Amino acid sequence: MAVVKLEALSKRYGGNAEASVRSMTLTIADGEFMVLLGPSGCGKSTALRMIAGLEPISSGTVAIDGRVVNAVPAKDRDIAMVFQSYALYPHMTVRQNLAFGLKRRRMPAAEIEKRVASAADRLGLGPYLDRKPHALSGGQRQRVALGRAIVRSPKVFLFDEPLSNLDAALRVTTRNELIKQQHDLGTTTIYVTHDQVEAMTMGDRICIMNRGEVVQIGRPLDVYRAPADTFVARFLGSPPMNLMSGVLRRNGADHAVEVAGAVLPVTGFEAGLLAPFADRPITVGIRPEDIYESGAQPGCSAPAAVSARVAAVEPLGAETLLVLSLAGQAEECVARVGRVSAHSHGDAATLYLDAATLHLFDPQTGRALPRAAG
Amino acid sequence: MAALAERHPGLAAWFGYIRRIPWLAFLLLYTIVTGGPFVWVALMSLRTTNEILDAPYALPSPAHWGKFAEAWTASKYGVYFWNSLIVVGCAVVLLTLIGAMAAHALARFQFRGRKALRLAILSGMMVPPQLLILSLFQILLQFGLYNTLAGLVLAYVATQLAMTIYILEGFFAQLPQDLFDAARMDGYSDFEIFWKITLPIGMPAIATTVVLNFIILWNEFLFAIVLLTDDDKRTLPLGIMHFMGAHQLDIGMIATGLMISIAPIIVLYACFSEIMIKGMTAGAVR
Ligand SMILES: Nc1ncnc2c1ncn2[C@@H]1O[C@H](COP(=O)(O)OP(=O)(O)OP(=O)(O)O)[C@@H](O)[C@H]1O
Ligand SMILES: [Mg+2]
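Those sequence lines, one after another, are chains H and B.
The first sequence begins at 1 in the numbering used here and counts up one residue at a time.
The second sequence begins at 1 in the numbering used here and counts up one residue at a time.
Keep in mind that the hints were calculated from the coordinates and are not lab data.
Check the hints yourself; a few may be wrong.
As a list, the in silico DSS-like pairs of lysine-lysine whose alpha-carbon atoms are at most 25 Å apart [said to hold, decoys possible]:
#1 K103/H <-> K155/H
#2 K233/B <-> K132/H
#3 K114/H <-> K278/B
#4 K132/H <-> K196/B
#5 K278/B <-> K103/H
#6 K155/H <-> K132/H
These numbers come from a predicted model, not from an experiment.
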């Protein structure tokens, strides 16, 4: 049980011109499952390794339960870490792997025995206790790695992409298993991934990073619904949010955007924030699921028709993706429509954007214009 | 042809043998070339010099097993053998410990001057021992280690250390860093990690250096003859000189002496060959 607090945490590796983690500030509550999400190379692992004590901190502080641990060596921080490669000791049996960390803490043999047995029981590792890691499947190895963290009952769990070496089906079951274990144990957890499905489903909150900086922190659905900038908008969601260039028009007290030949009423934004963009270009974002084939479909509250050419149709079974070329837009748009689509490749089609769901971004900075509360 | 083989399984087997004949012939030739001289010496070790001079390639009849006892006691092979065992044993233990620690440090830690230190150590491999021998003689004399087994042990450790570190560092560097990070998270200090992770996982490479160092030092002649003068302190390779008179060679006894000195190497190789081959073929752990 612990609160982990990062304050202006930074890391620049010797020899690199740019910092790998820049002024990261983040507080992880007691028992919280925090996901660090970001593209490859954005500094997630570096941040995690600084928390673990495996990497010296360039500046800023890491505090656990109010105590700054910058100078505390990894072995004394009472943190357990699960590595992407699992890092099981190849010369030890599963039992010895699990007990290795406990032995160092001079725990009585009976207590070690008990804890190993209970962890093995919890993870279904009983039959494999006397095997060496090379004789285990990928999923079993992953569970041993998890077990090695669990037996120690540490203050904090750190995970660095623990599922990325598993095949798709196993990844889903292991993901659920992991959520359940963390829930039962209630241990503060920091989980690194670049997989947004993992982030959305596992995290109490997610912290999105880009180029060493924290871009947005929030509950998964909040971040999904209100991305702080175009990077988050594109990064979270698959297929990603469509970003189009439009022009904001003022119409008395109301505003509207012209985009791809359609005029969409802008509602739910504060007039004061919109004012500087009047009659100027603005970036319009719309999620693929907010584009409809018919304006009468349920869920579509403010349909605005646009004409498009269908560049490709991708039937995925449960849904169909339409790749659309819109007039005056450099990039193609993706719409997520029903199981079957009436459209085929090359068609000229009319689709409906739900104006109630659109996002607006400053085209210069990429920052989102926030929706008014309520 | 396939149909023919199906009807006559015996024939198919014969075709298999015939296809392998060139390969088998090559292996046979290789075995004769490498093993032949060894067998010859083994045969001669059981015959007297006169018998050998009469018929060099004959079988030992009768076999003079007593020659081994004679070499061991009368020609002081017992003393030489123990000297060799002590010197080489100590040197190999020291080499393995110091070499593994140095290799672990070079492979795992980023510290200032690491590259320069590595270069300094490894360049030791390029200095021929003949160049070292004079200064080594001077230094050992100064420290009162000339003509002592301890002095020879130190000289051996110094000359073999570079190669030992070179082999071990190459292997240790391939071990995944996560393993060491995991051990740190499990609460272990750098020193404990060396003993509990690096040494056991590095066993195949360590076995390789143990065998290599043992063989090289067991046969070492130059340093031993320069740095030891007392007959009671001599090592096995010097012992063989006993049977080389100024005018004649006691070939029979030389062969007996050779067999005595080869025996430990064969035992060592039998013990370690399995793990060595594992190390050479498997590379790192995955
Ligand atoms: N030991 C190192 N020395 C120098 N630079 C490093 C080192 N480790 C990481 N970096 C750099 O720091 C940046 C962040 O790396 P990091 O491993 O934290 O990324 P990541 O977000 O974990 O990416 P991935 O999802 O690919 O694991 C990268 O640009 C990388 O090149
Ligand atoms: Mg990483």
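Structure-based check of all given hints:
1. K103/H <-> K155/H: Distance ~18 Å between K103/H and K155/H Cα, so the pair holds.
2. K233/B <-> K132/H: Outside the cut-off at roughly 48 Å; violated.
3. K114/H <-> K278/B: violated (36 Å)
4. K132/H <-> K196/B: The hint holds at about 16 Å.
5. K278/B <-> K103/H: violated (30 Å)
6. K155/H <-> K132/H: violated (28 Å)
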